[in-house]
Amino acid sequence: MVERLLGYIGRPFVRFYDTIENFGQFVLFQLQLFKLYPHVFKRSKTVLTQIEVIGMGCMGVVTLTALFTGMVLAIQLYNGFHQFGAENFIGYTVFFSIARELGPVFASLMLISRSISAMAAELGTMRVSEQIDAIDILGVNSKEYLITPRIIATVISLPLLVIWFDFIAIGSAYMISTNVLGINPITYQETLMRLGEMDDILTGIVKAAVFGFIVSSIGSYIGYHTTGGARGVGQSTIYAVVYSAVAIFVTNYFLSSLFLYLDW
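Residue numbers for the sequence shown follow the numbering used here, beginning at 295 and rising by one.
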């Protein structure tokens, strides 16, 4: 009875220690990669291939998500603003919320579900099937060959996906607002042009680049260190998706706070 009670008390501390240890290993692994990034330009073809796989592969789901996000956001804002006679501010509110928050976060979540999960599964399969060991034996740096091109490709792809997401979402919100909700298109455009700023778009792009680095680092790290055969590959894929999604929300809070402090 006493041993079981002590086990319940001590288990959270053991898990916390393991979490800290794993996070430290992750940070050290990423520090080791920094000296490899300059060499990634020698593998420009590999980077372009990964951009096609990671970025272009998400275009469909990102487009669909952006289309309905913009339409739903316009409808819900209309329900709220209509009570105060402030329908003319829907355009700017849609632009501001999508460019700064919804675009980077939603595009990142779609990339995680589509590309980061595939990245972790692919690297995990290569690890358990000893393909990564074979690459190292051949004298090729597996981290430089497999990981850094994927990270760079994600950092490039995600900001472009966010720009596309913003365009589709804002456009769909405009169509719903003017054609369905009856808002004057001229007033909608004038309010948007008068209040909208380029800094709003740049904020989302900066967030996207940071998010891309974080999620690709997590996905590649977990996949690269997969163990346990086919079951381990499945678990690595789950961990990559969950940890990446949580990291996006946590990082988004701190970046939003930083931009607020910098008045940007």
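Derived from the structure by calculation, the hints contain no laboratory data. Treat the hints with care, since some could be wrong.
Derived DSSO-like pairs (lysine-lysine); straight-line CA-CA distance at most 27 Å [unchecked claim]:
1. Lys329 - Lys437
2. Lys339 - Lys329
3. Lys339 - Lys437
4. Lys437 - Lys336
The following label-pair restraints were derived from C-beta to C-beta distances [what the hints assert, rightly or not]:
5. Phe378 - Ala524: 41 to 49 Å
6. Met487 - Thr313: 42 to 50 Å
7. Leu358 - Arg488: 27 to 35 Å
8. Leu325 - Phe378: 32 to 40 Å
9. Met487 - Phe317: 41 to 49 Å
10. Val321 - Phe375: 25 to 33 Å
11. Gly522 - Ser550: 32 to 40 Å
12. Ala524 - Gly318: 24 to 32 Å
13. Asn435 - Phe375: 53 to 61 Å
14. Gln319 - Glu346: 29 to 37 Å
Backbone N, C-alpha and C fix where the C-beta goes; we use that ideal spot for every residue, glycine too.
Tested hints:
1. Lys329 - Lys437: Holds, at roughly 11 Å.
2. Lys339 - Lys329: holds (20 Å)
3. Lys339 - Lys437: Judged against 27 Å, a Cα distance of about 16 Å means the pair holds.
4. Lys437 - Lys336: holds (14 Å)
5. Phe378 - Ala524: 41 to 49 Å: violated (57 Å)
6. Met487 - Thr313: 42 to 50 Å: Since Met487 and Thr313 have Cβ atoms about 48 Å apart, the given range 42 to 50 Å holds.
7. Leu358 - Arg488: 27 to 35 Å: holds (31 Å)
8. Leu325 - Phe378: 32 to 40 Å: violated (52 Å)
9. Met487 - Phe317: 41 to 49 Å: For Met487 and Phe317 the Cβ distance comes to about 45 Å; the hint holds.
10. Val321 - Phe375: 25 to 33 Å: violated (45 Å)
11. Gly522 - Ser550: 32 to 40 Å: holds (38 Å)
12. Ala524 - Gly318: 24 to 32 Å: Roughly 29 Å apart at Cβ, these two residues keep to the hinted range, so it holds.
13. Asn435 - Phe375: 53 to 61 Å: holds (56 Å)
14. Gln319 - Glu346: 29 to 37 Å: For Gln319 and Glu346 the Cβ distance comes to about 31 Å; the hint holds.
Checked against the numbered hints above, the structure breaks hints 5, 8 and 10 and satisfies the rest.
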